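Colleague: Modelling step: build the complete structure from the supplied sequences, incorporating the hints.
Chains as they are written, first to last, in the UniProt record's numbering: chain S, 1 to 302; chain H, 1 to 698; chain F, 1 to 327.
Don't read these hints as lab results, they were simulated from the structure.
Among the hints, erroneous ones may be present.
[What the hints assert, rightly or not] Derived DEER-like restraints, expressed as beta-carbon distance ranges:
1) M64/F / G35/S: 52 to 60 Å
2) T63/S / A129/F: 46 to 54 Å
3) Q121/H / A137/F: 27 to 35 Å
4) L155/S / A312/F: 45 to 53 Å
5) D98/H / A53/S: 53 to 61 Å
6) A51/F / W79/S: 40 to 48 Å
Being a predicted model, the structure only gives us computed values, none of them experimental.
Ideal placement from N, C-alpha and C gives every residue a C-beta, glycine not left out.
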Amino acid sequence: MSIADEEHAEELAGVGRIGTPSRLRVVAGRFFRSGQGRIGFALLTAMFLLAFAGPHLSKWGYTDKDFTAFLAPPSAEHWWGTLQTGADVYAVTLRGMQKSLIVGLLAAVVGTGLAAVVGAFAGYFLGWTDRTLMWVTDLLLVLPAFLILAIMSPLFAEGQWLLFVLMLALFLWMVTSKIVRSMTISLKEREFIHAARFMGVHPMKIIFRHVIPNLSSLLIVDATLNVSAAILTETSLSYFGFGIQPPDVSMGSLIADGARTAVYAPWTFWFCAGLLVVTVLAVNLVGDSLRDAFDPTAKRNR
Amino acid sequence: MSDPVLEVTGLDVTFGSGPGAVHAVRGVGYALHPGEVLGIVGESGSGKSVTSLAVMGLLPAHARVTGSVRLKGREILGAGEKRLTAFRGKTISMVFQDPLSALTPVYRVGDQIAEAVRIHQDVSRQAADRRAVELLDLVGIPNPAQRARAFPHEFSGGMRQRAVIAMAIANDPDVIICDEPTTALDVTIQAQVLEVLKTAQRETGAAIAMITHDLGVVAGFVDRVLVMYAGRPVETGPVDDIYYRPRMPYTIGLLGSVPRLDVGGRRRLVPIEGNPPSPDALPPGCPFAPRCPMVVPECDAAEPPLEPVGSGDRRAACIRAGEIEEGRTRPGEVYAPSGGGRAGRPAAPGAGAGERRLPAPRGERGTVLAVDDLIRHYPLMKGAVFKRRVGTVYAVDGIGFDIREGETLGLVGESGCGKTTTLMEILELARPQRGTITVLGRDTAAMTSRDRMAVRRDMQVVFQDPLASLDPRMTVHDILAEPLRTHGVGDPGPRVRELLLLVGLDQQHAARYPQDFSGGQRQRIGIARALALEPKLIVLDEPVSALDVSIQAGVINLLEDLKARLGLSYLFVAHDLSVVRHIADRIAVMYLGKIAEIGQVDRVYDTPMHPYTQALLSAIPLPDPEKERSRTRILLEGDLPSPAAPPSGCRFRTRCPKFRDVLSDGERERCVDEEPVIRVLDEDQGAACHYAEKIKVV
Amino acid sequence: MAGFLFRRLLNYVVLIVVATSLAYMLAAGALNPRANYEGRNPPIPPAVIDARLTELNLNDRTPMFERYLTWAGGVVRGDFGKMVTGGSVNEDLARRIGVTLRLITIGLVLGSVTGVLVGAYAAVRQYGAFDRVSTGASFFVLAIPTVVLANMLIIAAVWVNGLLPQPIVYVSGEFSAGLTGGFWARAVDRIQHLILPTISLSLGLIAIYSRYQRNMMLDVLGADFIRTAMAKGLRRRTALIKHALRTALIPAVTYFAFTFGSLLVGTTFTEKIFGWHGMGEQLVNSIYTNDVNSVAAISCFAAFAVLVASLASDVLHAVLDPRVRVG
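Modeller: What follows is the structure, encoded as structure tokens:
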């Protein structure tokens with residue numbers, strides 16, 4: 001925001017605008033007015049549709065193997081070609097996307113929730129609560145996340161991917177919780193929190209009724225951006241065989257396989273890599289536009 | 001008359017384009033002659049700051065500016081960067097509102113002033129540095145050579161503003177534009193800075209355009225006044241004419257709504273009803289018509305031009321200005337209750353028009369709040385990387401007062417004096433570090449959590465910033481219902497409707513969010529919330545300082561009416577002594593964590609005894625040009641000492657004019673060695689000064 | 001002051017000890033070094049395996065707490081134990097730190113400096129063509145996982161090399177083994193090996209730093225002191241460089257220290273894919289080879305690097321910003 005806009009906003013501040021639409025509509029309006037937001041939203045919707053409706057269009061399942069076509073280029077039979085094992089690239093890629101999207105979404109939601117609660121408690125109560133919680137946060141920051149997740153990877157085999165999601169989330173929340181904590185500390189000095197406190201409202205109620213809802217814009221944006229962080233981490237882990245375990249597939253394991261054959265069978269690598277990049281890009285665009293939509297005064301795009 | 005040095009004509013500023021365009025400034029024009037001082041007065045949203053930035057060419061690219069700005073006869077509007085930079089800082093310079101952010105934090109103050117010198121003068125680095133030190137000396141910074149090496153954050157607000165002024169006069173400009181130069185400062189510092197501006201004008205002979213919302217600041221300082229409303233000038237003329245013979249109803253209303261420091265006996269304030277229009281939704285015709293008590297149907301036809309009224313250099317934008325000029329309607333009658341007008345609303349029932357019926361003398365009424373020997377010390381931390389305790393902040397250091405039923409105590413002082421800490425200590429209802437707080441007969445040190453809940457029900461709070469004190473994510477209904485639900489009152493619906501009516505809002509407002517209201521309405525919501533549980537004591541923390549004067553008057557009147565109707569007691573914390581004189585029965589003046597003077601409000605204002613109270617009252621400008629010109633100010637030297645290292649003995653002695661000029665060495669020794677305690681010198685007036693004596697300063 | 005410094009450092013030591021111990025326990029519990037010796041042909045007698053594992057302090061038949069104490073005793077004396085191959089963990093990691101430093105130094109400097117310049121210019125020309133293009137490009141780069149980017153670079157390099165009579169970039173390793181020739185031949189060879197990993201590292205860093213610097217710069221551009229500088233008569237350009245960039249550079253420099261610390265163990269993917277035998281590669285390899293002692297040592301080093309980096313960034317901040325300078 002430029003200087004004069006600020007001045008102008010200040011001058012407007014005293015003016016009542018009666019009958020303004022609800023906050024949700026305002027944010028949605030701002031979001032969809034930005035080209036970036038529209039592109040991101042359209043891409044993300046398309047990715048979800050492709051991942052969850054796409055598999056029904058093809059006759060190949062992700063476990064099917066076509067023993068008449070190994071490493072075959074794209075054709076009418078196999079739209080995106082086949083792998084060395086005879087698996088249909090279209091089917092396995094969409095299966096991998098499903099997994100990556102679900103893992104990313106869940107991990108982000110859990111991670112952000114954890115960040116909100118830990119940060120708000122530490123910032124609101126300070127003292128020993130704060131010291132203990134922040135020490136744990138520091139400890140998790142100091143631990144090499146990739147290493148710990150990789151060591152624990154044998155536990156994720158045989159359909160234990162929910163545990164994998166929880167472990168991913170466990171290493172996603174620390175930085176956000178530090179931000180939430182410092183925002184809670186400043187929010188705590190805001191007059192409406194004082195007002196609630198001096199009214200006799202219970203601290204827990206203050207945290208869940210006043211503090212966390214007032215950080216919701218930060219948390220929503222953060223959750224969105226955490227989706228991409230979780231997808232990227234999941235991909236890298238699976239690439240080295242530490243994430244989603246066979247027979248299930250994910251984007252990471254597919255890319256690892258595809259990279260080996262990419263030079264002479266490009267379809268094994270590029271479809272998967274391309275979709276992954278588009279998905280992460282879409283999530284980031286949505287998150288960034290949301291941030292602008294929530295807070296039009298701060299033009300920050302991280 | 002000589003040619004004007006700065007001439008602005010038909011200045012228009014528009015932000016954005018199309019239907020969402022905001023026409024912030026509409027047809028502003030003025031001429032500034034050499035050595036002349038012009039006051040540009042307006043409330044927030046009037047476009048006064050945008051005007052000054054447009055003149056300097058500092059508006060961003062997306063602002064469309066049309067009209068003409070001639071500096072010494074040469075057009076500078078739309079000039080290229082090369083020509084503009086040659087003017088800026090040399091012929092025309094500017095002093096900004098917020099001294100905290102006006103200096104680059106990473107460079108030394110002296111270097112920044114020297115930079116201003118070297119841009120326009122071909123001098124060596126050493127010469128520029130020497131000039132910077134000279135300038136700092138000129139604006140009254142002690143030890144200028146040493147202070148020039150300091151970084152901005154090591155300066156207090158007043159010193160930073162002096163440094164900005166030094167920068168503005170570095171190249172002997174012909175015009176200085178001051179945009180609210182003292183708004184962010186305390187009154188005693190404001191008085192110092194205004195004095196510095198006068199010196200600066202004497203030294204440079206520059207013409208000054210002084211932009212402010214404070215009618216007091218300009219009264220004694222300017223030659224002519226331009227009043228702005230909704231982006232355009234509505235009245236202009238010599239300062240005495242504007243203050244004593246206003247012709248535009250807005251100006252009349254503005255002057256009537258200012259609480260006066262020099263008028264005792266509770267004259268009821270006259271608010272202007274309604275709110276200023278939003279610049280993107282201006283009404284047709286006169287923008288002031290919806291709020292004007294003199295409105296007639298013709299007002300909505302077309303916007304009245306700024307036309308000459310009467311004799312002399314007077315102009316007003318009102319079709320009925322001639323009527324006022326001819327005396328058919330006297331200014332004093334415009335806002336009289338019978339004046340009619342579509343906005344005129346009868347005063348709230350039970351207002352009692354300032355007549356106060358107290359049930360019994362003070363001594364016989366019960367005590368609602370008693371504070372005795374209260375102390376609050378904080379550890380002083382230092383260092384970002386290695387944070388450590390380096391001392392103690394003596395924020396509140398042994399104060400005592402009491403409030404009786406139906407009484408208002410004003411707790412006043414400048415920033416850093418400990419008034420907010422005192423208030424927080426009372427509201428926490430915890431055991432103080434030392435001393436006692438007794439709320440409604442219960443000692444906070446001995447309270448159980450059940451007692452505390454009971455007291456919270458009877459003691460409520462209203463905060464300064466009406467937007468910050470309401471949770472932006474809750475509707476007005478939920479905000480007002482929260483205290484009721486917390487204290488287990490069943491269905492809050494009927495009570496919420498009752499409360500809205502009580503503070504003069506509509507019942508339909510309950511479904512809206514705080515952001516949908518104007519500042520004054522928000523503060524009414526805050527007051528309604530405080531009233532929800534029918535408390536006995538309300539603690540008010542600067543409840544009107546964030547509001548424009550025309551709005552502020554309405555809120556002050558509401559607080560007075562409620563108190564009379566509901567038998568409330570107020571602890572009113574404020575820095576604005578005019579407002580306090582208006583609303584309080586008794587006043588306590590704080591300085592550096594101690595009470596300097598306490599007593600009945602008219603006694604303290606009429607004949608203050610403590611040298612600090614005297615200086616404080618003397619520093620406040622009155623919206624009365626003649627009184628201002630004839631007053632002699634008691635100027636305090638320097639800044640408030642750090643509360644981490646208060647002076648020994650009397651805390652005020654380092655800045656005390658009496659200590660400096662009047663007392664003998666022997667008498668001074670007592671001030672240094674012995675801490676004065678409050679001595680009641682008269683019936684209900686006491687001061688903590690060894691040599692207190694009554695003086696009239698207002 | 002000394003007391004505070006001591007408390008902070010003590011807290012760091014406690015954090016490192018807890019983090020390393022936790023990593024050791026996890027690794028000792030989950031990894032199975034015995035598997036390295038089983039299923040061989042001819043089979044190794046269990047007694048021999050046991051003896052070998054005990055020698056390495058990796059025997060899962062010894063209670064974990066006992067193994068932990070043995071290991072911790074060594075660590076206190078500065079010895080992180082033996083690798084599964086029998087070599088010293090200390091020596092291995094010391095060699096690998098050198099490799100990692102050679103890899104990241106150029107990439108980090110190149111990435112951060114370019115990123116800061118791009119971000120600052122984009123902020124000054126907000127919504128201009130450069131801003132749009134750089135914003136779009138950094139969004140795109142940030143959406144590409146390192147594993148994909150590295151593989152894309154390799155694919156591209158293989159294609160380019162195929163078009164030329166002799167390869168100009170090498171896709172694997174730090175230098176060609178057994179290369180003969182003088183100093184210049186070896187230097188050129190090293191540069192040829194360095195190009196791809198450096199691009200892979202610095203592209204991401206440019207994207208991150210340009211976003212970061214753009215935000216910092218935009219925050220400062222709206223500040224009152226820029227207006228003051230222009231009101232003095234400074235040209236916009238001068239005001240921007242002298243007043244805005246100088247102020248907005250502080251967070252970027254602070255962030256630099258932090259990035260450096262996290263990259264010491266954080267270039268896993270780049271090292272692994274391009275075959276550089278650095279810290280990051282060993283992080284993956286140690287898990288593949290069930291090398292408990294290496295895992296613990298790398299955890300310890302990572303914790304140490306992160307804490308020192310955060311301390312360094314705090315100190316740098318205090319040095320650069322007079323507002324927080326200790327005084």
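Colleague: Look at each hint and say if it fits the structure.
Modeller: Each hint tested on the structure:
1. M64/F / G35/S: 52 to 60 Å: holds (57 Å)
2. T63/S / A129/F: 46 to 54 Å: About 49 Å separates the Cβ atoms of T63/S and A129/F, which means 46 to 54 Å holds.
3. Q121/H / A137/F: 27 to 35 Å: Between Q121/H and A137/F, where Cβ atoms are some 45 Å apart, the hint is violated.
4. L155/S / A312/F: 45 to 53 Å: With Cβ atoms ~36 Å apart, the hint is violated.
5. D98/H / A53/S: 53 to 61 Å: holds (56 Å)
6. A51/F / W79/S: 40 to 48 Å: Violated: the Cβ-Cβ distance is about 57 Å, outside 40 to 48 Å.
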